[in-house]
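Protein chains: 2
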Amino acid sequence: MKRDIVIIGGGPAGMITAVTARGSYPDKKVTFIRREDKVLVPCGIPYIFHTLGSVQKNIAPDKPFIDNNIEIIVDTVINVDTKNKTLKLNSNEEIEYEKLVFATGSEPYMPTWLKGHELENVFVIKKNHEYLEEVKKKTDAMQKIMVVGAGFIGVEVAEELNKNGKEIYLVEKMDSIIGKAFDSEFVDDIHQSLVASGMNIITGKGVQEINGNGKVSSVTLEDGQKIEIDAVVLAMGYRPNIELAEKTGLFIGKNKNIWVDEYMRTSERDVFAVGDCAERMHFITRRPSNTMLASTATSEARVAGSNLYSLSTLKSFNGTIAIFSTKVGDILIGSAGITVSEAKDEGMHIVDATFAGSDRHPANLPGAGTQKVKLITSKNTGVIIGAQILGGESSSELINVLGYIIQNRMRVDEVFVSQIGTHPLTTAAPTTYPIVKAAEMILKKMKCPKFED
Amino acid sequence: MKRDIVIIGGGPAGMITAVTARGSYPDKKVTFIRREDKVLVPCGIPYIFHTLGSVQKNIAPDKPFIDNNIEIIVDTVINVDTKNKTLKLNSNEEIEYEKLVFATGSEPYMPTWLKGHELENVFVIKKNHEYLEEVKKKTDAMQKIMVVGAGFIGVEVAEELNKNGKEIYLVEKMDSIIGKAFDSEFVDDIHQSLVASGMNIITGKGVQEINGNGKVSSVTLEDGQKIEIDAVVLAMGYRPNIELAEKTGLFIGKNKNIWVDEYMRTSERDVFAVGDCAERMHFITRRPSNTMLASTATSEARVAGSNLYSLSTLKSFNGTIAIFSTKVGDILIGSAGITVSEAKDEGMHIVDATFAGSDRHPANLPGAGTQKVKLITSKNTGVIIGAQILGGESSSELINVLGYIIQNRMRVDEVFVSQIGTHPLTTAAPTTYPIVKAAEMILKKMKCPKFED
Numbered sequence: 007m008k009r010d011i012v013i014i015g016g017g018p019a020g021m022i023t024a025v026t027a028r029g030s031y032p033d034k035k036v037t038f039i040r041r042e043d044k045v046l047v048p049c050g051i052p053y054i055f056h057t058l059g060s061v062q063k064n065i066a067p068d069k070p071f072i073d074n075n076i077e078i079i080v081d082t083v084i085n086v087d088t089k090n091k092t093l094k095l096n097s098n099e100e101i102e103y104e105k106l107v108f109a110t111g112s113e114p115y116m117p118t119w120l121k122g123h124e125l126e127n128v129f130v131i132k133k134n135h136e137y138l139e140e141v142k143k144k145t146d147a148m149q150k151i152m153v154v155g156a157g158f159i160g161v162e163v164a165e166e167l168n169k170n171g172k173e174i175y176l177v178e179k180m181d182s183i184i185g186k187a188f189d190s191e192f193v194d195d196i197h198q199s200l201v202a203s204g205m206n207i208i209t210g211k212g213v214q215e216i217n218g219n220g221k222v223s224s225v226t227l228e229d230g231q232k233i234e235i236d237a238v239v240l241a242m243g244y245r246p247n248i249e250l251a252e253k254t255g256l257f258i259g260k261n262k263n264i265w266v267d268e269y270m271r272t273s274e275r276d277v278f279a280v281g282d283c284a285e286r287m288h289f290i291t292r293r294p295s296n297t298m299l300a301s302t303a304t305s306e307a308r309v310a311g312s313n314l315y316s317l318s319t320l321k322s323f324n325g326t327i328a329i330f331s332t333k334v335g336d337i338l339i340g341s342a343g344i345t346v347s348e349a350k351d352e353g354m355h356i357v358d359a360t361f362a363g364s365d366r367h368p369a370n371l372p373g374a375g376t377q378k379v380k381l382i383t384s385k386n387t388g389v390i391i392g393a394q395i396l397g398g399e400s401s402s403e404l405i406n407v408l409g410y411i412i413q414n415r416m417r418v419d420e421v422f423v424s425q426i427g428t429h430p431l432t433t434a435a436p437t438t439y440p441i442v443k444a445a446e447m448i449l450k451k452m453k454c455p456k457f458e459d
Numbered sequence: 007m008k009r010d011i012v013i014i015g016g017g018p019a020g021m022i023t024a025v026t027a028r029g030s031y032p033d034k035k036v037t038f039i040r041r042e043d044k045v046l047v048p049c050g051i052p053y054i055f056h057t058l059g060s061v062q063k064n065i066a067p068d069k070p071f072i073d074n075n076i077e078i079i080v081d082t083v084i085n086v087d088t089k090n091k092t093l094k095l096n097s098n099e100e101i102e103y104e105k106l107v108f109a110t111g112s113e114p115y116m117p118t119w120l121k122g123h124e125l126e127n128v129f130v131i132k133k134n135h136e137y138l139e140e141v142k143k144k145t146d147a148m149q150k151i152m153v154v155g156a157g158f159i160g161v162e163v164a165e166e167l168n169k170n171g172k173e174i175y176l177v178e179k180m181d182s183i184i185g186k187a188f189d190s191e192f193v194d195d196i197h198q199s200l201v202a203s204g205m206n207i208i209t210g211k212g213v214q215e216i217n218g219n220g221k222v223s224s225v226t227l228e229d230g231q232k233i234e235i236d237a238v239v240l241a242m243g244y245r246p247n248i249e250l251a252e253k254t255g256l257f258i259g260k261n262k263n264i265w266v267d268e269y270m271r272t273s274e275r276d277v278f279a280v281g282d283c284a285e286r287m288h289f290i291t292r293r294p295s296n297t298m299l300a301s302t303a304t305s306e307a308r309v310a311g312s313n314l315y316s317l318s319t320l321k322s323f324n325g326t327i328a329i330f331s332t333k334v335g336d337i338l339i340g341s342a343g344i345t346v347s348e349a350k351d352e353g354m355h356i357v358d359a360t361f362a363g364s365d366r367h368p369a370n371l372p373g374a375g376t377q378k379v380k381l382i383t384s385k386n387t388g389v390i391i392g393a394q395i396l397g398g399e400s401s402s403e404l405i406n407v408l409g410y411i412i413q414n415r416m417r418v419d420e421v422f423v424s425q426i427g428t429h430p431l432t433t434a435a436p437t438t439y440p441i442v443k444a445a446e447m448i449l450k451k452m453k454c455p456k457f458e459d
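Chain order of the listed sequences is A and B.
Each residue of the first sequence is one higher than the last, beginning at 7 in this note's numbering.
Each residue of the second sequence is one higher than the last, beginning at 7 in this note's numbering.
Don't read these hints as lab results, they were simulated from the structure.
Cβ atoms here follow ideal geometry from the backbone N, Cα and C, with glycine treated the same way.
A short, non-exhaustive set of chain A residues, derived as facing chain B with CB atoms under 10 Å:
hint, residue
1, Val309
2, Gly373
3, Ser400
4, Lys450
Model the full assembly from the supplied sequences, consistent with the hints where possible.
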């Protein structure tokens, strides 16, 4: 049967492409095809283990699509013919399309080189509700659990299992947890807070082998240390799901994502790709980036959904700023742009500064806590290229303040004289607002070379 | 005695000029002269009545100035001679300056035309700690208090007195409370929350007369209604303190502020003015604005402090975006740029939209509440010219996200495809982030003229 706009994939990238296409082209028939009968809120997944308490509470509603006259087909696409502009479903149905969008997402990385990865009770964080129901049921009945990989998913899952009363070992090969998005000194508070909550954290050390007879009994670390364990959760990142794209003959980029241009068009006419399966540049370094974030995916989806039939020249995607935040205990941290370590890897000349102050004013108001902002500036131009924040609940949107500073390529001198809305009960003081103070510190360093890094 | 940089006034504008000048000119002697021995955190003043509980807890520390080698003189300037670049203090001391900055602030408006304004127990919210100690002591012993004027200072003071157990009458001549910064439909939640907390709110009606023999006994409203009352707090706005500037011969602008250019220079060579006493343009309307906010004042102070001896061409002040937020009960509201009513007054063609959604995702996470964003766009250019927000504590920095959107003159299509960092526990979903959704609604309205306002 003929449809107009067909989207493969039901995650955030697929959803937002559908909603945007519906808004952009009110007369077109919009359909998305997904494998799952129920779709999970992806960033909510770690919270099924304790805060939400069940997988069912983390299901994204279909109502917005039904209300918007967007068709949902639950099936698997087994073949795409870009010449005849048709695709074939597992049910054998053939669908004709005018415009096709790949939003096939990503799958958790399974380290097949790791001995024991195939044992029972070795889990990954799949975005599949039946699989996760099983993981939840099984881990509920266990005591000692190891989480391998302390990126933000690993940390969030470990913290939730810990809150759920489990004995947790969080193992990370890098020197610090959440080490890609933050300069290490910035995650010390998170690390300490997790240790204080009773979690065992092992950094700078990988897993050598998972041991067990049929099912997991222990894990041997790289240095020979053996830890008895009931289950292992592998949180070692995700890989783009490009199987169908490869079979379709779409050009695959250097980092094994579907190649796209800035309007999200693939190598084939009338075929687009968005989200984790698509290639993206980094906003600052302009290299292909492996960042997988809903913020990036939904931006790309809005670009694709607005440009399917004709270019609306102003809306294109200029690369991921890798913006994200997470909350561990009562501490919220966020990052956008690049870190000092990434900047140094690129050989960039930078000036950075960190300011910490109270998130209320005066600081003796009830509920006051610390708010910390790090700004990273290109030395040649003064443009802000990265930022990190730490704070309490009132800092929830602070990383987005910085996100717009970065996306607008503001210079540090512009930020220094910018206007900030403040209020005693909810923010830092106008006299010591941390973004402005960090900008001031950078300006001073730029003036007096002795302060520079 | 000779000084280099002399600042008159010890409020936020004076403080930040001093700190910025110190950073910009490390070899200069920086001095500020203020009338008060102790300086209040101005935006914290309403909170002395209950949340802070005392005036003393709202004193801004002098340590940052002492540590930065900034001289503080507590005295009153009685005369400035711009020809000889000297000024005279009440103590008779004469000070020579190289650069002089007026940061003389504002005084509460006293309606001398109002019968009874001179009675005992008629108060204003002066930025003076001794005066406020007295107001606090007296109101603590009273029961029925009327607050006249429901701008944000009036609302905050009324709420605090109400929390402190007083019977409160809040009287506002305009049709809604906080009516200048918000479109009226946006403050309904605040209004209802205040009424639910037991406050009596009377809008659309002014005060006719304050009655009493020596001290206040009742107030007669414009429609003849008489309310028995122990005290009246007049919160009818502030007026720039320009007495000394007039005496000095500085040119006074159309709105009775000290005229300045975009580097904050007055009509006299080597004399600057910043903060509430200085004239400022509105960022959008380009008219002189009566906005008095610490956010604006501190920006101006950073501009002045960076440009005292030579222009650093990139740092100038482009007009106030009138950005501010306040919290009433558990509800936080914020505004930046212009409102729909202001835009209509200017005859601007606009398109606006409001989106309300959950501030967590999924919405059934504990602690989830509503977050609401209104965007106002110029119809000709798509540039965002105003925004209003409402939410809980996690929305504290949301108005600053919008502040940077406005200061960068972003278009609605750019905002629509911009990247936002989200997290289940702390923000709206990436698929329904309220700023992006409001932008989407505006784009739809722009496309289909039938939706336009």
